[in-house]
Amino acid sequence: MSEESRTTNRPLPVERHPMQGTCPRCAAEELRGYPVNSEGGWFDVVKCQSCLLSVSRDRGPRLGPIRLLSDLL
Amino acid sequence: MSNLGIPATAPTRIRDLTDEAFRAAYGCDRFTASVIVNRLKYAVGHMSTAFLREAFSPIIRDWYDFACTISGPPEQDYRTAVVSNSLTPFLGTMPDAVRNTVEEFGPTGLAPGDVLICNDPYRGGTHVNDVLFTRPVFVDGRIVSFVSMRAHQLDMGGTVPGGFSATKRDVYENGVVIPPVLLWSKDQPVRSTFSLIFDNTRWGAMLLPDFKSIHQQLQLGERLVRENIERYGPDAHLGALAYACDTSAELMREAVARVPDGDYTGAARIDADGMDDTVDYTVHVTLRKRDHDIEADLSGTSAQARTCINCGISDAKTALGVALTMLLDPAIPFTSGTWRHLDLVAPPGTLLTALPPQGAPMMFWEASGALIAAVFDALNPVLGENAVGGDYGSTNTHNANGVRQDGTPWTSATQCGGEHGPWGATKAGDGDSYTVLFNLNNLDPATETIEHDSPVVMLRKEHAIDTGGPGAHRGGAANLKDTLWLTDADHYLSPFRTREPSGVGAGGGQAGPTGAMWIFPPREGTDGPAGLVATAPDVYADSIPVAGVLDPETKSLDPVNGTYHHFASRKTWRTRAGAVLRCLTNGGGGWGSPFARDPEKVLADVRDEYVSIDGAARDYGVVVLGDPHFDPERLRIDMEATTALRRARNRG
Chain U
1 MSEESRTTNR PLPVERHPMQ GTCPRCAAEE LRGYPVNSEG GWFDVVKCQS
51 CLLSVSRDRG PRLGPIRLLS DLL
Chain Y
74 MSNLGIPATA PTRIRDLTDE AFRAAYGCDR FTASVIVNRL KYAVGHMSTA
124 FLREAFSPII RDWYDFACTI SGPPEQDYRT AVVSNSLTPF LGTMPDAVRN
174 TVEEFGPTGL APGDVLICND PYRGGTHVND VLFTRPVFVD GRIVSFVSMR
224 AHQLDMGGTV PGGFSATKRD VYENGVVIPP VLLWSKDQPV RSTFSLIFDN
274 TRWGAMLLPD FKSIHQQLQL GERLVRENIE RYGPDAHLGA LAYACDTSAE
324 LMREAVARVP DGDYTGAARI DADGMDDTVD YTVHVTLRKR DHDIEADLSG
374 TSAQARTCIN CGISDAKTAL GVALTMLLDP AIPFTSGTWR HLDLVAPPGT
424 LLTALPPQGA PMMFWEASGA LIAAVFDALN PVLGENAVGG DYGSTNTHNA
474 NGVRQDGTPW TSATQCGGEH GPWGATKAGD GDSYTVLFNL NNLDPATETI
524 EHDSPVVMLR KEHAIDTGGP GAHRGGAANL KDTLWLTDAD HYLSPFRTRE
574 PSGVGAGGGQ AGPTGAMWIF PPREGTDGPA GLVATAPDVY ADSIPVAGVL
624 DPETKSLDPV NGTYHHFASR KTWRTRAGAV LRCLTNGGGG WGSPFARDPE
674 KVLADVRDEY VSIDGAARDY GVVVLGDPHF DPERLRIDME ATTALRRARN
724 RG
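Protein chains in written order, with my numbering: chain U, 1 to 73; chain Y, 74 to 725.
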């Protein structure tokens with residue numbers, strides 16, 4: 001296998017959904033919603049993309065994107 | 074304040090609280106809080122010492138592949154306040170593991186004397202061999218804490234005895250997955266759970282006494298927690314748990330604030346997966362730092378691998394916390410609070426956020442270790458003298474099995490590859506030459522126990538010359554290990570970062586070189602080599618290359634013009650009795666300009682054979698005269714030639 005013929009597995013992006021409103025700290029109109037993992041696990045947040053203030057921060061699904069079939073029992 | 078009661082900011086530093094405010098926040102005075110936290114550290118230390126003394130499994134007894142923690146009750150969101158002095162991949166993932174395990178089982182379904190277990194990497198991080206054991210501590214009918222252990226089991230089923238292999242393609246090949254279930258109920262063993270495990274592992278007879286010991290240590294931990302509560306009261310106990318986490322959070326907050334605001338990107342690469350060498354994997358991180366917060370975005374990281382070299386989100390989060398702790402303030406206690414001001418943003422289904430069933434995690438620390446390297450890559454340029462050189466990048470794990478002449482099977486795991494190696498240099502001094510990766514914290518198995526447990530002879534275990542990254546402070550030297558196998562054997566070999574240096578330089582230091590692996594078959598008509606295999610470049614022509622970038626003819630290292638050899642080009646490396654396996658790790662990165670290194674230190678390195686006479690001149694501009702091997706006491710520096718050489722290099 002030569003160095004020229006190998007490839008890097010495709011990169012994946014994070015989707016950040018635009019949200020209405022302005023940041024109460026820096027007044028930037030750049031609020032986005034997306035999941036984060038931090039102390040306490042998964043959270044669905046709306047954050048200012050300029051100063052990173054969490055405008056809202058709600059507990060997310062326990063295992064994030066993973067759903068258990070057993071949860072349907 | 075979030076809707077979960079976790080402070081988003083800490084407007085008043087803990088040390089600035091009045092005594093009244095401290096008592097109101099933590100249920101006791103600050104002296105008592107410190108005493109309780111230290112008594113809990115004693116508890117996890119006592120549990121660890123007892124388990125280390127009693128364990129039968131070599132990976133626990135000789136590697137210290139286990140950890141103990143104490144966490145808060147559900148009302149405190151199971152935050153982990155105290156951890157043992159052991160490997161960070163366990164300590165960092167156990168907060169999520171305990172919470173996810175207990176919440177799925179249901180905390181109201183627990184009773185005094187229960188031991189709940191889970192080994193699912195997607196629920197709690199790491200890999201299926203690592204089983205979480207958690208035990209609620211009840212006081213007056215209410216859960217006030219969890220005492221927990223996670224311990225590596227030598228085998229948990231799957232297609233590879235021992236488990237350490239990059240070749241498994243999905244969770245079904247990886248090993249048995251245990252969801253949250255009771256192993257002990259009210260201190261009575263749950264036979265069905267024991268049978269589930271023993272019917273799937275190859276080493277049940279070894280696991281059973283270790284499980285019994287874990288049960289004893291959890292009872293010990295519970296007793297020590299209850300003694301604290303009897304002495305200081307439950308409010309003081311719960312307050313001390315919160316105090317421990319808040320302390321970590323505050324120190325990390327202040328450490329982050331010292332980094333200039335900005336967006337910093339870094340990357341690291343893993344050579345290949347266990348399928349073939351057509352695809353490599355990039356870990357990419359953007360650290361967005363504002364004020365006292367960091368958001369780490371893993372966008373740009375490669376999609377999950379086709380075989381089990383992935384890790385899960387908890388492992389990635391742990392690696393982020395480890396990297397920032399090491400770079401920003403190594404004195405920060407490792408608790409749940411470490412991540413209070415860190416948000417990890419991660420696309421699902423990457424190498425670092427793998428999803429079942431195809432994204433199997435087995436060699437998880439290799440992927441999460443690459444994230445540590447990427448964080449170093451991102452922050453080193455802005456840290457000035459606090460930048461740190463890279464480590465050897467991969468544990469180059471060896472896993473083998475076979476059958477002795479009397480028919481008894483054997484398994485050797487994580488002992489005879491390049492599991493131990495160097496760290497990079499720092500502002501404080503040269504890098505250590507024989508430790509474990511940045512994200513590990515383990516012991517080194519003794520040669521005597523390795524040779525006792527498996528049919529193998531350790532021929533070499535030594536520092537390789539001219540492999541520490543040159544710098545004002547030298548990177549740690551690569552480790553070279555030769556093992557002679559006395560029976561036929563099936564080997565699984567997993568060196569993941571031989572294509573480019575992992576031991577990157579910092580602050581003008583240079584990288585340590587890449588390593589490799591080779592097998593030397595027994596000489597025809599014999600049962601072994603004629604003697605020790607030498608270390609000169611001309612010894613490899615008759616070898617079987619396993620990994621590394623090597624010269625096509627001589628098969629010696631040639632990182633510039635050589636050809637990459639894929640560690641899983643054979644899924645199993647089968648050897649005849651008498652074969653020798655050689656593992657050479659990567660070298661550690663240097664710190665600062667090598668031409669600023671004190672010539673006396675270079676002379677000492679030549680004396681100790683970390684650096685050759687040629688290397689001293691080439692890499693450091695220091696001319697050393699004499700014979701380091703046969704007349705080391707008369708080595709000396711030619712100061713005039715050194716001054717001239719360094720002056721010429723500086724001009725060039």
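The set of hints was computed from the structure by calculation and includes no laboratory data. Hints are supplied without guarantee of correctness; some may be wrong.
As the list claims (entries may be wrong) - The calculated SDA-like cross-link candidates involving lysine to any residue, where the alpha carbons are at most 25 angstroms apart (straight line), are:
(1) Lys644/Y - Thr8/U
(2) Lys259/Y - Leu269/Y
(3) Lys500/Y - Met399/Y
(4) Lys644/Y - Leu69/U
Values in this document were obtained by computation on a predicted structure and should not be read as measured data.
Legend entry - Straight-line alpha-carbon gap Lys644/Y to Leu69/U, limit 25 angstroms: Violated, at roughly 33 angstroms.
Inset, instruction - Take a quick look at whether Lys500/Y and Met399/Y sit within 25 angstroms of each other, Cα to Cα. - result: Measuring from Cα to Cα gives roughly 13 angstroms; hence the hint holds.
Legend entry - 25 angstroms limit on alpha-carbon distance, applied to hinted pair Lys644/Y and Thr8/U: holds, 21 angstroms
Legend entry - Hint consistency between Lys259/Y and Leu269/Y [alpha-carbon to alpha-carbon, up to 25 angstroms]: Given pair Lys259/Y, Leu269/Y holds - Cα atoms ~19 angstroms apart, limit 25 angstroms.
The earlier numbered hint that this structure contradicts is number 4, and it is the only one.
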